[in-house]
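**Student:** Residue-level listing of the chains:
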Amino acid sequence: MDQSTSNPPPTPTVGLTNKTKRESEADRQRKNKLSAAIEGYLYLAPTLIALTIFVFIPVVQSFQLSLTRSSFGRSIDVGFDNYVRLFNDDRYHDVIWTTLKFTMGTVPIGIALAVVLAIALSYPLKHLSWFYRLLIFVPIVISTAVTGVLFKWIYHPTVGYLNHLLGFFGIDGPTWLTQGDWPLVSIIIAVVWRQIGFNTIIALAGIQNIDGTLYEAAKVDGANLWHRIRHITLPLLSPTLFFLLIINVIGSLQVFGEIDILTNGSISTRTMLYSIYFEAFRSQNNGGASAQAFILFLLIVGLSFMQFVVVGKKVHYQ
Amino acid sequence: MLTRFFRNARVLTLGLLVVLLSSSIQAQETITIEFWHAMGGGLGETVDEIVARFNESQDEIVVNATFQGSYDDTFNALIASLETDTLPNVTQNFDLAAQTMFDFPGLLPAHEMMALDGFDASIFVPAVADYYSDDTGMVAMAFNSSTPIVYFNVDVLAEAGYDELPLDWDFSTFKEVCDAVLATGIESCVTLGQVGWYFEQILANSGGLYFNNDNGRTGRATEAVFNQGQGVEVFEFLTSLYTEGYAPDLGSTWTDTDASFIAGQSAMELDSTAGARGLQEGADFIIDTTYIPHSDSSDRNGVVIGGAALWLLDSGDEATNLAAWEFMKFVAQPEQQILWHTNTGYFPVRTDLADNEELGAFWMDNPNFLTAIEQLGSTTTTLEDGSPNYAVLGGRAGFFPSIRQLIVDAYRRVIDDGLTAQEALDEAAERANQILADYNEIVGG
Chain A
1 MDQSTSNPPP TPTVGLTNKT KRESEADRQR KNKLSAAIEG YLYLAPTLIA
51 LTIFVFIPVV QSFQLSLTRS SFGRSIDVGF DNYVRLFNDD RYHDVIWTTL
101 KFTMGTVPIG IALAVVLAIA LSYPLKHLSW FYRLLIFVPI VISTAVTGVL
151 FKWIYHPTVG YLNHLLGFFG IDGPTWLTQG DWPLVSIIIA VVWRQIGFNT
201 IIALAGIQNI DGTLYEAAKV DGANLWHRIR HITLPLLSPT LFFLLIINVI
251 GSLQVFGEID ILTNGSISTR TMLYSIYFEA FRSQNNGGAS AQAFILFLLI
301 VGLSFMQFVV VGKKVHYQ
Chain B
1 MLTRFFRNAR VLTLGLLVVL LSSSIQAQET ITIEFWHAMG GGLGETVDEI
51 VARFNESQDE IVVNATFQGS YDDTFNALIA SLETDTLPNV TQNFDLAAQT
101 MFDFPGLLPA HEMMALDGFD ASIFVPAVAD YYSDDTGMVA MAFNSSTPIV
151 YFNVDVLAEA GYDELPLDWD FSTFKEVCDA VLATGIESCV TLGQVGWYFE
201 QILANSGGLY FNNDNGRTGR ATEAVFNQGQ GVEVFEFLTS LYTEGYAPDL
251 GSTWTDTDAS FIAGQSAMEL DSTAGARGLQ EGADFIIDTT YIPHSDSSDR
301 NGVVIGGAAL WLLDSGDEAT NLAAWEFMKF VAQPEQQILW HTNTGYFPVR
351 TDLADNEELG AFWMDNPNFL TAIEQLGSTT TTLEDGSPNY AVLGGRAGFF
401 PSIRQLIVDA YRRVIDDGLT AQEALDEAAE RANQILADYN EIVGG
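Chains as they are written, first to last, in our numbering: chain A, 1 to 318; chain B, 1 to 445.
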C-alpha cells in the first residue's frame with residue numbers, strides 16, 4: 001500500500017490535489033534519497049570508524065607529538081624545533097637521498113622484471129606456466145623476517161653462498177652488507193626478489209585481460225611478436241603498470257624488515273621509514289621521530305596525488 | 001532413580017564448590033610477579049630454569065617470565081609501558097640504561113629493600129656493586145655481568161709462533177701478533193663487530209673517560225669527552241683493524257663474527273665472556289682466551305662491568321613489592337649463580353663463590369670462564385693518589401644507548417666516508433652532547 005492510496009479523499013480543487021501530489025512525490029524522492037544516503041554511510045561506517053581510530057587520530061596525535069620533546073611521560077613544548085633540526089641536519093639529508101636511491105632502484109627494476117616475466121609466462125613459457133608461476137610467487141608467502149635471514153647468509157662476506165659462488169668464477173666478491181653502496185644494492189636485490197611474485201601476478205592478470213582478437217588481427221596484418229608486445233600488450237597494460245607504480249613506490253617507502261635484518265639499519269641504508277624507527281626506538285627521541293613520520297606522511301600523500309594527476313593523464317584505457 | 005540423581009548432583013555440586021573455594025583461597029594467597037628479561041636462546045632457557053626453581057621452592061609467589069627481545073627492545077618496552085601503565089614488577093635492564101633507570105619514575109631502589117630486609121650487599125663483587133650504586137647504595141640487583149675478552153684459535157697462533165698471548169698488551173703488540181698471524185695465510189687476524197661496547201671497554205682499559213664530570217659519576221654528564229685524548233687513539237686502532245685488512249668488515253653485529261671465528265677464517269675474536277659456552281661448543285679447535293688490549297700511550301687499567309642487572313618497579317602494593325624482592329634475592333643465591341655462570345659464561349656476582357669447590361672443579365676444566373673474572377679482578381679501581389679510577393667505573397648518562405649508537409655510525413663514517421677517527425668522533429660527540437642536553441632538559445638535571 002503506497003502513500004497516495006492511503007491519502008484522505010481528494011478535495012474538490014484540482015490544482016491543490018496536484019500540488020499535494022507533487023509535494024508528496026518530491027517528499028518521497030527526498031526521503032528515498034536520504035535513506036539511500038544513510039544506508040550508504042552505514043556501509044561506510046565500519047571503515048570510517050576504523051580509519052578514524054587507527055589512522056586519522058594517530059596522524060593528528062603524532063603531529064602534536066612532533067611539536068614536543070618527550071620521554072618518561074614528561075613532555076616539553078618546543079614548537080617547530082624538531083622540524084628545524086631536521087632541516088639543518090646533514091644526516092637527515094642523507095636519509096632522504098638514500099630513500100630516493102632506494103626507490104629508484106627497486107621500483108623500475110621490480111616492475112620491468114615483472115613485465116618481462118609476465119610476457120614470458122604468457123607466450124614462450126606458456127606450457128609450464130603454472131610451474132613457473134608457482135616458482136615466482138613463492139617468495140611472497142615467506143615472511144620478511146625469514147627472507148631477511150636467508151639473504152643474510154647468502155651475503156655473508158666470508159662464509160656466504162654468493163661470494164663462494166663468485167669465487168668459482170675467480171671473482172673476489174665485495175663485502176655485500178657493509179661497504180660503500182653495496183649494502184643498499186643488496187637490500188634492493190632482496191626487496192625486488194620479494195616483490196617480484198606479486199608484481200608478476202598483477203602484470204600477468206593485466207595481460208590476460210587483453211582481448212585476444214586484437215592479437216589475431218595484428219597477426220593477420222603480419223605483426224611479429226615484438227610488434228604485438230610493443231603496440232598491443234604494453235599500451236593496454238598501462239593501467240596495470242600505473243597501479244603497480246603506485247603500489248611499488250609506496251611499498252618501497254615502507255620497507256623495514258630487510259633493512260633491519262640485513263644491515264641492522266647501518267648509516268648508508270637508513271631510509272626515511274627506518275630513520276623514524278631509529279629515532280624513536282634507538283635514540284629515544286619521540287618528538288624527532290614524529291616529525292620525520294609527519295614529513296613522510298606528507299610525502300606519500302603528495303606522491304599519490306602527483307601520480308594520479310601526472311601519470312594518470314598518460315595512461316591508456318581501452 | 002530421580003532422587004538418587006539429585007542426591008548425586010548435590011554431592012557433586014558441593015564437591016565442586018569446595019574445590020572452587022579452596023582454589024580461590026589459593027589464588028588470593030599467591031602473588032604473580034611479572035618478570036621481563038632480554039635473554040634469548042640458550043641464555044633464556046637458563047633464565048626459565050631459574051624461574052622454575054623459584055616457583056617450585058615455595059607456593060606463595062608465581063614468577064611469570066617474559067622474553068622481551070634485545071637489551072634495547074627491553075629498554076624501549078619498559079619506557080613504553082610507563083605510558084600505558086603496564087609496568088612489570090621486575091625487569092632486567094642493561095648496563096647502559098643505568099642513569100635512565102635511576103631517573104625512572106616508579107623505580108624502587110634495591111637499597112631500600114635491602115635496608116628493610118637487612119640484606120648484606122657486601123656479598124657482591126665490588127666492581128658490580130659500584131656500577132649499579134648511587135650515593136646510598138645499590139639501586140639494582142646484580143644479575144648477569146660480563147666483560148669482553150679475546151678468544152683465540154690455539155692452532156693458528158702456535159703456527160704464527162705464539163704459544164700464548166700476553167694478558168697485558170698494547171695496540172702495537174696486538175698488530176705485531178696480527179702480522180705474524182696473517183703470514184700463516186689465514187684470511188683475517190681478528191673478528192669483532194662494530195658495536196659501541198668494545199670502544200667503551202678498550203677506552204676504559206686505556207684509562208680514558210667517556211663523559212665529563214668523572215664519567216658522569218660525580219655529577220650529571222653534560223658533555224661527551226670520548227673525542228679527546230685516549231678516545232682518538234682507541235678509535236684509530238679499532239677502525240684501522242678494518243681499513244688495514246686485519247679484520248673482516250661484518251658491520252655492526254654481535255653474532256656474525258662467531259661464524260668466521262668458528263670456521264677458522266679469523267684467528268682471534270673479540271666477544272663477551274657470555275659467548276664462552278657457545279664458542280667452545282661450536283669450534284672444533286682448542287680456544288684459549290686473554291684480556292683485551294690497551295693503547296700504546298697508557299698502562300693497562302682494566303675493564304668496566306658489562307651485562308645487565310635486575311630492577312624492581314614499585315607496584316604500589318607492599319606485598320607485591322616484597323614478593324618481587326624475594327625473587328631477586330633468590331636469583332642472587334649461590335646455587336642460582338653457579339647454574340647461571342656454568343651454563344652461560346656470565347660470571348658469578350658474589351665474592352664468596354671465589355673458593356667454591358664446585359666452581360673450582362668447573363674452572364679447572366674450563367679455564368676460559370675464569371679469564372673474565374680475573375680480568376675484572378685485576379682492574380685498577382683506585383689510582384695512585386687514592387682517588388677512584390672513573391675510567392673503569394664506566395660512563396653513566398641518560399639515554400646512553402642512543403649515544404652508543406653514534407659510535408656504531410662513526411665506524412661507517414671512517415670506513416666508508418674516509419673521515420679520520422678524530423673527525424668521526426667529533427661528529428659523534430656533537431650529536432651526543434645534543435642528546436645529553438635534551439635528556440637533562442626533560443628529566444630536569
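Worth double-checking, as some hints may not be accurate.
Simulated coverage check for chain B against chain A, where a stretch passes if three residues somewhere in it have a Cβ under 8 Å from a Cβ of chain A [as the list claims (entries may be wrong)]:
#1 45–52
#2 215–229
#3 353–367
#4 376–385
#5 396–402
#6 412–421
Sample of chain B residues with no beta-carbon within 12 Å of chain A, all distances over it, derived [claimed, not checked]:
#7 Glu-159
#8 Ala-160
#9 Asp-163
#10 Leu-167
#11 Asp-168
#12 Val-195
#13 Tyr-242
#14 Glu-244
#15 Ile-262
#16 Ala-263
#17 Gln-265
#18 Glu-281
Pair by pair, the computed Cβ-Cβ distance ranges are [what the hints assert, rightly or not]:
#19 A:Leu-166 x B:Asp-155: 53 to 61 Å
#20 A:Ile-57 x B:Pro-334: 31 to 39 Å
#21 A:Ile-171 x B:Arg-53: 52 to 60 Å
#22 B:Ala-180 x A:Gly-173: 24 to 32 Å
#23 A:Phe-54 x B:Ala-361: 53 to 61 Å
No wet-lab data here; the hints were simulated from the structure.
Please read all numbers here as calculations on a predicted model, not as lab measurements.
Every residue, glycine too, gets a C-beta built ideally from N, C-alpha and C.
**Student:** Now look at each hint and say whether the structure bears it out.
**Tutor:** Hint check:
Figure legend: the segment 45–52 of chain B, annotated as covered by chain A; annotation inconsistent (0 residues with Cβ-Cβ distances under 8 Å, at least 3 required). Check result for the segment 215–229 of chain B against chain A: violated, 0 residues qualifying (beta carbon to beta carbon below 8 Å, three or more required). Note: the segment 353–367 of chain B has 0 residues with beta-carbon separation from chain A under 8 Å; the three-residue rule is not met and the coverage is violated. Note: the segment 376–385 of chain B has 0 residues with beta-carbon separation from chain A under 8 Å; the three-residue rule is not met and the coverage is violated.
Restraint check on the segment 396–402 of chain B versus chain A: 3 residues with Cβ-Cβ distances below 8 Å, three needed, restraint holds. Evaluation of the coverage hint for the segment 412–421 of chain B: fulfilled, as 4 residues show C-beta separations to chain A shorter than 8 Å, against a requirement of three. No beta-carbon of chain A is positioned within 12 Å of the beta-carbon of Glu-159 of chain B; the least distance is around 19 Å. The beta carbon of Ala-160 of chain B sits about 19 Å from the closest Cβ of chain A, which is more than 12 Å, so the claim that it is off the interface holds.
Consistency note on Asp-163 of chain B: stated as away from chain A, and its beta-carbon is indeed over 12 Å from all of that chain's, at 27 Å minimum. Distance to chain A confirms Leu-167 of chain B as a non-interface residue, since its nearest Cβ pair spans about 29 Å, more than 12 Å. Chain A leaves Asp-168 of chain B outside its interface by the beta-carbon criterion, the shortest separation being 30 Å against a cut-off of 12 Å. With a closest Cβ-Cβ approach of about 10 Å to chain A, Val-195 of chain B is found to fall inside the 12 Å limit, against its non-interface label.
In this structure Tyr-242 of chain B is not separated from chain A by more than 12 Å, as the shortest Cβ-Cβ distance comes to only about 9 Å. Under the 12 Å C-beta cut-off, the non-interface status given to Glu-244 of chain B relative to chain A holds; the minimum distance is some 14 Å. Non-interface call for Ile-262 of chain B relative to chain A: violated, since the shortest CB-CB distance, roughly 9 Å, does not exceed 12 Å. At roughly 5 Å, the least C-beta separation between Ala-263 of chain B and chain A is not larger than 12 Å, which violates its mark as non-interface.
The Cβ of Gln-265 of chain B sits about 5 Å from the closest Cβ of chain A, inside the 12 Å cut-off, so the non-interface label is violated. The claim that Glu-281 of chain B lies off the interface holds: its Cβ sits roughly 18 Å from the closest Cβ of chain A, which is beyond the 12 Å cut-off. Look at Leu-166 of chain A against Asp-155 of chain B: about 28 Å separates their beta carbons, and that is not inside 53 to 61 Å. Look at Ile-57 of chain A against Pro-334 of chain B: about 53 Å separates their beta carbons, and that is not inside 31 to 39 Å.
Range check, Ile-171 of chain A to Arg-53 of chain B: about 55 Å between beta-carbon atoms, so the 52 to 60 Å window is met. Checked against the hint of 24 to 32 Å, the C-beta distance between Ala-180 of chain B and Gly-173 of chain A comes to roughly 27 Å, which is consistent with it. In this structure, Phe-54 of chain A and Ala-361 of chain B meet the distance hint of 53 to 61 Å, their C-beta atoms being roughly 59 Å apart.
Figure legend: structure checked against the earlier numbered hints; hints not met, in rising order: 1, 2, 3, 4, 12, 13, 15, 16, 17, 19, 20.
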